[in-house]
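Participant: Position chain B against the provided structure of chain X, taking the given hints into account.
Each chain is listed here by its residues.
There are 2 protein chains.
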Amino acid sequence: MTDLPDTNLVMLTLVKPEGELEVFLERRPMPEPAPHEVLVKVLATPINPSDLGLLLGAADMSTARASTRDGLPVVTADIPAPGMRAMGGRIGDALPIGNEGCGLVVKAGSSPEAQALLGKTVALIGGEIYAEYRCLPAQMCMLLPDGTDPRDGASCFVNPLTSLAFTETMRMEGHSALVHTAAASNLGQMLVKICAKDGIPLVNIVRSEAQVALLKDIGATHIVNSSDDDFMDKLTAALTETGATCGFDAIGGGKLAGQILACMEVAAVKRMTTYSRYGSDTFKQVYIYGALDLGPTILNRSFGLTWSLSGFLLTPFLQKAGMEVNMRLRQRVVDELTTTFKSHYSHEISLTDALALDTIAGYNAKRTGEKYLIRPHG
Amino acid sequence: MTDLPDTNLVMLTLVKPEGELEVFLERRPMPEPAPHEVLVKVLATPINPSDLGLLLGAADMSTARASTRDGLPVVTADIPAPGMRAMGGRIGDALPIGNEGCGLVVKAGSSPEAQALLGKTVALIGGEIYAEYRCLPAQMCMLLPDGTDPRDGASCFVNPLTSLAFTETMRMEGHSALVHTAAASNLGQMLVKICAKDGIPLVNIVRSEAQVALLKDIGATHIVNSSDDDFMDKLTAALTETGATCGFDAIGGGKLAGQILACMEVAAVKRMTTYSRYGSDTFKQVYIYGALDLGPTILNRSFGLTWSLSGFLLTPFLQKAGMEVNMRLRQRVVDELTTTFKSHYSHEISLTDALALDTIAGYNAKRTGEKYLIRPHG
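Chains X and B are the protein sequences, given in the same order.
Taking my numbering, the leading residue of the first sequence gets 1, the next gets one more, and so forth.
Taking my numbering, the leading residue of the second sequence gets 1, the next gets one more, and so forth.
These aren't lab readings, by the way, just hints derived from the structure by calculation.
Be careful, since some hints might not be right.
Copies of the same chain look alike in the list, so a pair counts if it works inside one copy or between any two.
[Stated by the list, open to error] List of simulated lysine-lysine pairs, DSSO-like, C-alpha gap at most 30 Å: (1) K366 / K255; (2) K107 / K193; (3) K234 / K216; (4) K16 / K270.
Quick caveat, the model's predicted, so the values are computed rather than measured.
Bound conformation, chain X alone (with noise of 0.2 Å):
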């Protein structure tokens, strides 16, 4: 565990106060583990989509320009006015970036919970992880099986954790049966094992044929492609199947979040016996946590006043659920990393890598299949 180098190679994103975001890789000296602290190799750190919202922002990346300084790679582009208002928290801030990883512990300080971790595998969180290594308190690492494949490793904590949220909140919140969009995701191919293996009946939404073939794969049961003509129905018959009043929505803007609300309504108003001016009175629930599509949300609100539409984050979940939950769902995710939790990467990248142009065009497109995997040590 010696042989370590001086510098440690980390990618920050600045904001600056003319409309520019920079995007860039810099030499910092290496961290010393505190007593509590371990320092963890990283080995593999996925690009996840809310990783690009800190790491782009609101620029306009048809603006972007490639530089470099002291021999290290330079994005620039322009931001857009009403990207800077939302911005101006971050403004003159170089932010490190990286929610989640996985590495090796190459050091570590003299606490006995930092010692134990010692030359292990382990996933991380915390941000900062696009970096060759990353200094962190014990405590936020995730031991992991000797020998676990670092591809494996990399996505431990967003989206499994996402997903068994989504679960989670249907049982908490009284329903029975969920609703997904983007579901031939990774995140939706997990929700999709999740819930098969807990038996919740699944509607998933995907926009292409080859979507649809890609979830009946790995035996999903009710698929419905927003693409086709006969959607609304399709949607509306499968969640007269299953019952699902409860809906996770990774698009965010146009008309899909209020289109699934609206046939849940005709499914509910189906099992009534009796009309109502208001509709039903089956209450129906959909949490909006990604931005996929960054166009506003519009409702056509056919859908009666027993309705909710949330935005959804898993780290406010988490700390209202409590740590006995907590603690179950980070073991369940360990022990069925490589089947339930299993992470397809298409892309694997360096740090370098992925601040040249194409990568980051191809990256931020957030195309459902693609997904980039850094590899700061190859």
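Facilitator: Okay, now just chain B, sitting in the frame of chain X:
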């Protein structure tokens, strides 16, 4: 209490399978109260937006034509295809109408609770009140002080209980201040008085200078005009000052609900000390309780992920709140009937007038400051 006529004039609304709405008056036999029931001579009954939803439904009133049948008025209008789908559950049923009113108990069943109301002025709820007489269980009446003007007793339930429900909901869900739209309405004026009395900061959103003046006259503190160029800035300032994170929106369509959430978020971010890519962790709730604008709700999601937009309906709220809260709210309405809960009517009309095309056009415009009261006996 004799001299009752043999028949009772009632208003009915019918959706015909061929895509027509028919609203008409019909003479029905005078009902005879069962032991637990009373017969109320209806002296005043308001036309609320919630009545219009049932009365005119999704009909295209620009196609309305007047005729008569058996000497009584009939109004017919075409219903567009989407409207027919929405109203599928009521096709072929001639539905009585009128949510609430005030009248005199002219006949009572043999039970003590019914007999106790004989000769008394009561407020009543329960539908079918656009009629000369209404026979209903004694427990659906609220006893009013002798000599109560029927104008004052006509709107004891919908607006007073809805406005009280807003403040109850605010407290139950942990907020400390409110936002209200279409705030110059009868309901809005009640809310201004309730909040003043209870010390609840209230941000009133209106859409004209005349409405600003009206609310100033009754002592409202925070009034924002959505027609002003700097509306968003002024709304943000009022939300910052009051800390309001709970809103009730009567309009429903358009951008307003989303603008309220956006300004709540700007106010919340001002209170934050560190930047978060997900926005503030302040929970922001807007309830849509009306549909003055039937167009789509458009949300430009610039308010993080800690928010909820929901439908709000009085009856489920009251059911959830329980008997004790219900009794407390009703008692307050009776106690403050001619002060806090005083309603103002711009037009008094007969049952027959209510089916005149120009009168329908008047009340269907739902203009703030205009409110129609039906006086079935002049």
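Participant: All hints are to be evaluated individually against the structure, with a verdict given for each.
Facilitator: Evaluation of the provided hints:
1. K366 / K255: both (19 Å within a copy, 28 Å between copies)
2. K107 / K193: neither (37 Å within a copy, 66 Å between copies)
3. K234 / K216: within (16 Å within a copy, 52 Å between copies)
4. K16 / K270: Between. Shortest inter-copy distance 20 Å satisfies the 30 Å Cα cut-off; intra-copy 55 Å does not.
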